[in-house]
Amino acid sequence: MTVVELGHIVAGPFCSLLLADLGADVIKVEHPDGGDAIRDSSPVGASSFNYVNRDKRSLTLDLKAERGREVLYELAAEADVVVENFAPGTADRLDVGPDALRERDPALVYCSIKGFNPGPYEKYPALDPVAEAMSGVMSTTGHPGQPPVRSGTSLADMAASLYGAMSVVAALRQ
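With the first letter of the sequence shown counted as 1, position 89 gets the number 1261 in the numbering used here; the numbers rise by one all the way through.
Derived by calculation from the structure, the hints in this document are not laboratory data.
Do not take every clue at face value.
Once the Cα atoms are required to be at most 27 Å apart in a straight line, the calculated DSSO-like pairs of lysine-lysine come out as [as the list claims (entries may be wrong)]:
1) LYS1236 <-> LYS1286
2) LYS1228 <-> LYS1286
3) LYS1236 <-> LYS1295
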């Protein structure tokens, strides 16, 4: 199984890492302006990047450029799965969303991880802290009388990744 990952930070990369752990050949696509933002997100950013991106091959593509999209179309046409966690609307705006890629390969499994389901917030971007706050998880952490704090790990992103990987496996079995 070949997976093309258009992921960044945790949710997309951890989803494709789980698929790599199951034996998938994962090709991570990063943008040419510094790559995945988690590389420089904190003093431990590099180790976080290395953890969620182990066992993957990678390349950089400028998806805003026609040639970058052409290369992605070629990769996706040979792949079984595409995983992305762009902000809502970004994949379609770049012409790399499910409709554009399935036009070339109708059997492609396209996993899109977003912060919100269809509803009043669906167009809002969300990383883990937003999901933890909106779900109420942050209200259960911290100390009495102090503001809520996020959990020690990217709990919401990792849960979304797990559900994404399980959904990919289920789709491939059909």
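Checked hints:
1. Between the alpha carbons of LYS1236 and LYS1286 the distance comes to roughly 21 Å, so the proposed pair stays at or under 27 Å and holds.
2. Distance hint between LYS1228 and LYS1286 is fulfilled; the C-alpha atoms sit about 22 Å from each other, no more than 27 Å.
3. Distance check on the hinted pair: LYS1236 and LYS1295 sit about 21 Å apart at the alpha-carbon level, within 27 Å; holds.
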